[in-house]
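From first to last, the protein sequence lines are chains A and B.
According to our numbering, numbering within the first sequence proceeds without interruption in unit steps and concludes at 312.
According to our numbering, numbering within the second sequence proceeds without interruption in unit steps and concludes at 579.
Among the hints, a few may not be true.
Unchecked claim - Incomplete in silico selection of chain A near chain B, CB under 10 Å:
no., residue
1, Ala137
2, Leu219
3, Val221
4, Val263
To be verified - Each computed DSS-like pair below joins lysine-lysine, with the alpha-carbon atoms no more than 27 Å apart:
no., chain 1, residue 1, chain 2, residue 2
5, A, Lys264, B, Lys570
6, A, Lys262, B, Lys468
7, A, Lys68, A, Lys262
8, A, Lys79, A, Lys68
9, A, Lys68, A, Lys264
10, A, Lys262, A, Lys99
11, A, Lys262, A, Lys79
12, A, Lys99, A, Lys264
13, B, Lys468, A, Lys68
Simulated from the structure, these hints should not be mistaken for laboratory data.
The beta carbon of each residue, even a glycine, is placed where N, CA and C say it ideally should be.
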Amino acid sequence: MNRRPVFLITMLCFGFAFFYIPIVSMIVYSFNASKLATVWGGFSTKWYGALMGNRQVIAALVLSLKIAVISSTMATILGTMAGITLARFRRFRGRVLFSGLVTAPLVMPDVIIGISSLMMFILMAEWIGWPGQRGFTTITLAHITFSMVYVTTIVQSRLIAADQAIEEAAMDLGSRPWQVLRDITLPVISPAIASGWLLAFTISLDEVVITSFTTGPGSTTLPLLIWSKVKLGVSPDINALGSIIVVVVGIGVFTAGWIMQRAERRRDLDARLAYRANG
Amino acid sequence: MAGAQRNGRLARWFHRRGWSDIIIAAPYIWLILFFLIPFLIVLAMSFATRTPTAPPFSFGGENPVLNLRGYRRLFEDDIYIRAFLTSISNAGFSTVLCLLIGYPMALCLTRVSTSWRNILLMLVILPFWTSFLLRVYAWMGLMGTNSWFNKLLTGAWNGVVPDDLAVRSIQMMNTNFAVILVTVYTYLPFMILPLYANLEKLDQTLDEAAMDLGSRPFRVFLDVTLPQSIPGIIAGGLLVFIPAAGELVIPSLVGNSAQPMIGRVISDEFASARDWPMASSVAVALLILLVIPMMAYTYFSGKAEQRLEDQK
């Protein structure tokens, strides 16, 4: 289209302003010297200093990271298996139920997943004596369950988009099935597995509703800590904490996206060079 | 015709050796244990009787095994009906606003050059990766009566309306307006991305043909672009509406506590009132309400997947 779509560009700018003004405002006010979080009282970095000395915040961050690393790794393993199942094993008994179980957590409201998990953990403790206390273990189990289906969705769509004929060709040329899996299938889906892990990791790090139901005494993750403070209203130290999280996550996601895009481009280039060398 | 032949050779080999059983069984058993069974517990609990024991429920007793008290109360006590209506209207308005803001943004993304497009897409996705809770919190800072944003809006309002309608500040926090605004803010990427994916695939030469034949740009949009983007609109709309209707965090932080949404009601029945059967009944009712859009979503995404496979 040659004409400049003025209306569309205006809407895009408006949309981006809408996206970023609240975040920028939060970052600006995190440098506010005043105790009143929304009234400007001069520049200061004292809230950041106070945060560094806050043991509660550090402990919550460590707990959140532990849960996120373990749950996203388990979720990636289980989710990848489920993705391979749905994309490659077309027919097996119970497939309908299985694909339902993979889709349902994506659309089920958090509150319902939260109370249903909590009820189960309480009843299990009543009947078989485990889990004796809710906390790290129960949060991690719940996080694995709802984040694995995101990995499944990503891996499954990658496998469906990938050309199955390459696997067949490798088999015809005498590769053993494990070799095919190692040399062809896994490399093809590795970007999907990587982004699946990253998604599961950030979802776990961010989850608050399901965590608030499955947690127990003494297990406060970072979102739970922020949640309990935010309920009381806007405060300058949460502004500072929020700014740090937003900036760190922003840089992390940008870097990850950049690395993945570069890897993809290099793979495309390699493939093209290989074609040319053989052609 | 496909049948058993649709399993590839690799899959068949894994199947013969029993490996596929492990690959299938591990996630299957996990989801049954930690998703299906908890859900069945909620379903059974919705028919239980509340008792002052721990855990606070029992089956049977003076009532028949299936106690319908919870479901009867859904219709008798108008707190539940009002909560459902509030949820549906808040989620509905949010979905429409997301569509009105997100559609032009998605369309614009398909019209810019590729190098710009990647950066802009990244900027759409970035808020989605950063903390949900903090994005809600950021708006709490803007909506408070002392904030610069509220003062700006108040000034604009007072400048436009006659003096007798002038206000000292605009009450935004703890209203349904705040819930809708923040819901639109947090779920907008879910609308833009499926719409963009859909619009990007459209053949732009159709637009140009229509333009060459003398259609005006807005007519081209109405007659050519819009009808082709219905699948994207449906996908985006459902991705916003379903989670927005069951939302708990946003109404708890910025909503009007006199008009709770359904997620809040479930949570309060469970945690404050310790009425597990009632909380379960409300949860099941919410699921029944959402099951139609959920199935629509599964149906449409299944169809899209099928199309992808057929293209090969």
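Going down the list of hints, with the structure as the test:
Interface restraint check for A/Ala137: the shortest CB-CB distance to chain B comes to about 7 Å, inside 10 Å, so the restraint holds. A least Cβ separation of about 12 Å between A/Leu219 and chain B goes past the 10 Å threshold, and the interface hint is therefore violated. Because the closest C-beta pair between A/Val221 and chain B is about 12 Å apart, greater than 10 Å, the hint is violated. Because the closest C-beta pair between A/Val263 and chain B is about 5 Å apart, less than 10 Å, the hint holds.
For the hint linking A/Lys264 to B/Lys570, the alpha-carbon distance of about 42 Å lies beyond 27 Å, and the restraint is violated. A C-alpha spacing of about 45 Å is found between A/Lys262 and B/Lys468, which places the hinted pair above 27 Å, so the restraint is violated. Annotation: proposed proximity of A/Lys68 to A/Lys262 holds, straight-line Cα distance about 15 Å (limit 27 Å). Restraint check: the Cα-Cα separation between A/Lys79 and A/Lys68 comes to about 11 Å, which is no more than 27 Å; the hinted pair holds.
Of the supplied pair hints, the one linking A/Lys68 and A/Lys264 holds, its CA atoms being roughly 17 Å apart against a limit of 27 Å. The suggested pairing of A/Lys262 with A/Lys99 holds, with an alpha-carbon distance near 22 Å, which does not exceed 27 Å. For the proposed pair A/Lys262 and A/Lys79, the alpha carbon gap of about 19 Å is at most 27 Å, so the pair holds. Note on A/Lys99 and A/Lys264: the hinted pairing holds, with a Cα-Cα distance of about 25 Å set against a maximum of 27 Å.
About 51 Å separates the Cα atoms of B/Lys468 and A/Lys68, which puts this hinted pair outside 27 Å; it is violated.
Checked against the numbered hints given earlier, the structure breaks hints 2, 3, 5, 6 and 13 and satisfies all the rest.
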